[in-house]
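**Student:** Got two chains here, separate frames each, mind docking them using the hints?
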Amino acid sequence: MKNELLKKAKPYLFVAPALIIFLVFSIYPIVSMIQLSFFEWDFISPTRLFVGFKNYIALFQDSAFYQTLSNTFVYMILTVGLGILFGVLLALFLNKKSKVNSFMQSIIFSPYIVSLASISFLWMWLMNTDFGLINYILSIFKIGPIDWLGSPKIALFSLVIISVWKTVGYNTIIILSALQSIPKHLYEAASLDKANRRQTFLKITFPMISPTLFFLTIVNIIASFKVFDTIQIITQGGPQNSTNTLVYSLYEYGFKFYKIGYASTIGVVLLVIISIFTIIYFKLLSKKVHYQ
Amino acid sequence: MKIVKKTPRILITIILFLIFFFPFYWMFTTSVKTLGETVRIPPTMWPEIFQWENFKRAFEAIPFMQYLGNSVIVTLSVLILQMCTIVPAAYAFARYKFKGDKILFGLIMITMMIPAQLVFLPLFVMFSKLGWINTYQSLILPFASSAFGIFMLRQTFKQVPKELIEAAKLDKASEFKIIRKIMLPLARPTLTTLGLLTFINTWNDYFWPLVLTTKDTVRTLPVGIASLRNIESGVNFHVLMAGNVMLVIPILIAFLLAQKQIIKAFTYMGDK
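Each protein sequence line maps, in turn, to chains S and F. First residue of the first sequence? That's 1 in our numbering, and the numbers climb one at a time after it. First residue of the second sequence? That's 1 in our numbering, and the numbers climb one at a time after it.
In isolation and in its complexed conformation, chain F is listed as follows (with noise of 0.2 angstroms):
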């Protein structure tokens, strides 16, 4: 009786999984098929050859590494310019009344919902006047700081109570090592979650390095593997989807190795 009862229940598990991993699946399969697998009616659900030269000739037809090199670089540099804004500036609008502090915080505020899509042609103007297409910093500036970071650092720089910090400039310690030494360590989950977003955001992103960029020696890997379609012609689904399986991969095993983590991250951020 029991089992009779769960049945729905257990169908609709395994649907719900069918849809959301076997196109992952077929990914997977389609990137080591021959071109006539990949095309044959019925098709096939496991490849009948492994043909792993997709692999091979994905990675020859574009500069995989150099794309590779500049996704870690653009990530990398983000990421650490990102910390180096939002911490100082977190940390004055938490710990510190100023003349204009509310407008200044509302300002950033509102930068927050100022999207890349809207304002990538008056900055494309001003990088093409300053000689800065197909640069590193047009890919990194535009991104160096985040108006999210700065609030949710802000709210959790708040919470950390006055007495500790009382304390330690009783000890006569510098603001620095305020900072240093207490500050940060108790907002680490809150730097964490930032640094995780920030991570995949960049990693992920097309829209920015397609619009500033027009040869290869800054594209990152997203448009990178993009360019592929361009080069293998029509219906080349099997080398397209290689390449894909390469731009996929360090995502899904980072998410993984911390999908706890990565699924609090975003689930914080709706939350607040």
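Next comes chain S alone, as it looks inside the complex (with noise of 0.2 angstroms):
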């Protein structure tokens, strides 16, 4: 009889620490951040005041947070869209095995896994108005100087840039990889019929690789949305507001002004966006382990 149970409890104790886990750190601080929204309270204060709807409300009316919105959806139009062009641009000219290829594969994913505190100081100094390399590489074509960081036409466009550089590794190693699943005999098929290179690439290579783009294209908007250390280290969300996004202005507004429930209320806009995004991607991830 004891036998039995225990039988009957095993997986439920195999799973118990790591369910523990997600439950305190990830479902936990969203019921709780979803209930601090209907708060206002300042962290140091013993007391906190329910005022129903009205961080919504007031955040609604904040023309500044939809700056910020319109920020972070620009962000990560740009970020994406260039990032996955690039991938496969770069997959595309990296596609032939060779020694040379796969040596700048390496070099090309290299500054994926170094960390992004690390770049953001690199490209600090490197777009620095005054002394930095690129102005002085523009200098020598008779352009600029640009302010790349501190201007508030230009920053976001600069932070895109460092993720791109950063990012595009990734993207390029994944793409290549579907590149070469690609089963050959299609490619002998069209050679017979004297298909033309744009014509392979669009009749054959795209629609091979497109599962692979729309899955990293969901990751990378996910991704995008997380977006932080560049801005915290190069523009603290300046100039202007102009680098402002959901997640620092989530932090700007918790550690910086002690606004708990706006912020939370911010959180909850962030976690409604990340929540469709991330419908889609497990709408595509279970048909993939389906397709196996």
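Treat the hints as calculated values from the structure; they're not laboratory data. Hints should not be assumed to be uniformly reliable.
[As the list claims (entries may be wrong)] Mimicking PhoX-like on lysine-lysine, the simulated pairs with C-alpha atoms at most 20 angstroms apart in a straight line are:
1) F:Lys129 - S:Lys259
2) F:Lys169 - F:Lys181
3) S:Lys184 - S:Lys203
4) F:Lys162 - F:Lys97
5) S:Lys96 - F:Lys260
6) F:Lys102 - S:Lys283
7) F:Lys6 - S:Lys96
8) S:Lys96 - F:Lys97
9) F:Lys5 - F:Lys97
10) F:Lys6 - S:Lys8
11) F:Lys102 - S:Lys10
12) F:Lys162 - F:Lys181
13) F:Lys102 - F:Lys181
[Unchecked claim] Incomplete in silico selection of chain F near chain S, CB under 7 angstroms:
14) Phe50
15) Pro88
16) Phe98
17) Val119
18) Phe255
The model shown is predicted, which means the values in this text are computed figures rather than measured ones. Beta carbons are placed, not taken as given, at the ideal position from N, Cα and C, and that holds for glycine.
**Tutor:** Printed below as a string of structure tokens:
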């Protein structure tokens, strides 16, 4: 009898340690954040004031919030679009197996595994207006000097450049592995039909790698919403709020202004946005596993 | 003729090489230049004077060894705890049918998409109630398991042939022995991959130690190096780059030694 019970409990015991970690450090904080968004609290005072939807109303009436939201989406569209575009181009360029190409693959991938904090400092130096290498190179061609990080019109795009430089290597290796798994006989058939390179790409290569591209797009989108390190180190959301994103303003309201309720409201908005893309992601993931 | 045809390809390769490699080269050379040389126009491609004191200065400005020690402690603890929680959970999901298994698995998969950047505020509140701010456990425990790891390892365990396990059961091998002698050796490539990914992510993490620490005692290297900026005012990029080099070198060495494996690990992650 006792043995029978133990046998039934076994799988639950195996799952328990992991499950407890997820419940305490992922699920509970989400519930707690939604709850906090209905309160006014400065973190220090012992009592929290229930304010209903006041934080939500204030948030949706705040013009700075809309700028933050638009920055987040502009940043997302540009990093994901450019990241995928250059990823495809680089993968096509490096597709032939050779020593030089596999060396280049490593070189292009190397920024991906380096801490984003390091990359931020490095690019702050490269993009320095007066002494930075980039403006020096541009000055040879009589361009500039460009205020990469200090101009409200340019700073967000500079962060996009840094992000694409760091992450394009990841996209490249994923697309490369998709390219290399395309059956060779498809290309042989195409060359028998005298298809030109453009036709071959549009009719064979692109359809064959499009599931991978779709997968990468979703992963990149979710990653782009998490952007924080570059902003915190390089621009602190400025100049003039031009690089403030949802995550950074959540951090600012929470840790600088001590408006815990308001910050949580921003968190809930971010949660909703991420959830939408997550649902798409899982629909895709379950399909992929199904095919295997 | 052949060379002419190949020229654009060679040219593009060189440009790509410069775009992705030169920033690192620039970081290394800046780290040994004098302040005067870093701000010279035109800049020198090779340092005129090697000022190794920059490293000493960076080293002395911050408690570097303490940060390094903290990084090692946090990374190792996360690695070990993840293995302890992932293996049994993945095994149960792969080999057992139990009430609610699908719901529990789905719940765990959902957490894969909850980033630290979303939950840090309520966790900070919780940790400060517990008096856990500036402790190792606040840096380690939230990452003590990995939904992605459970997902990958479950797939691997499912592929282990049933006959192998049945045979072991006939030999009266205990479940623990089956896991240790059959499952884990067969899952070694997956475990190596997961370990590498966890190592790189934890070692590089800037966000979590930044928001959960206020003191040097438990801060890890990325946050520690970043504090150089506040100590070294303004344009002291040579010292900043020296600190940066010290932060980047362990990862770059690891990459040089295991680049095939690391690239494979990330490809593997994207394939599934």
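**Student:** Indicate, hint by hint, whether the structure satisfies it.
**Tutor:** So, going through the hints one by one against the coordinates:
1. F:Lys129 - S:Lys259: With a Cα-Cα distance of about 18 angstroms, the restraint between Lys129 of chain F and Lys259 of chain S holds, given a limit of 20 angstroms.
2. F:Lys169 - F:Lys181: Holds, at roughly 12 angstroms.
3. S:Lys184 - S:Lys203: Within the cut-off at roughly 14 angstroms; holds.
4. F:Lys162 - F:Lys97: holds (15 angstroms)
5. S:Lys96 - F:Lys260: holds (17 angstroms)
6. F:Lys102 - S:Lys283: Between Lys102 of chain F and Lys283 of chain S the Cα gap is close to 16 angstroms, so the pair holds against 20 angstroms.
7. F:Lys6 - S:Lys96: holds (14 angstroms)
8. S:Lys96 - F:Lys97: Not OK: Lys96 of chain S and Lys97 of chain F at ~46 angstroms, beyond 20 angstroms, violated.
9. F:Lys5 - F:Lys97: violated (62 angstroms)
10. F:Lys6 - S:Lys8: Distance ~67 angstroms between Lys6 of chain F and Lys8 of chain S Cα, so the pair is violated.
11. F:Lys102 - S:Lys10: holds (16 angstroms)
12. F:Lys162 - F:Lys181: OK: Lys162 of chain F and Lys181 of chain F at ~15 angstroms, within 20 angstroms.
13. F:Lys102 - F:Lys181: Not OK: Lys102 of chain F and Lys181 of chain F at ~27 angstroms, beyond 20 angstroms, violated.
14. Phe50: Cβ of Phe50 of chain F sits 18 angstroms from chain S, so the hint is violated.
15. Pro88: holds (4 angstroms)
16. Phe98: Hint holds; Phe98 of chain F Cβ to chain S Cβ min 4 angstroms, cut 7 angstroms.
17. Val119: With Cβ-Cβ at 4 angstroms, under 7 angstroms, it holds.
18. Phe255: Phe255 of chain F check passes; min Cβ-Cβ to chain S is 6 angstroms, inside 7 angstroms.
Consistency with the previously given hints fails for numbers 8, 9, 10, 13 and 14, ordered from lowest to highest.
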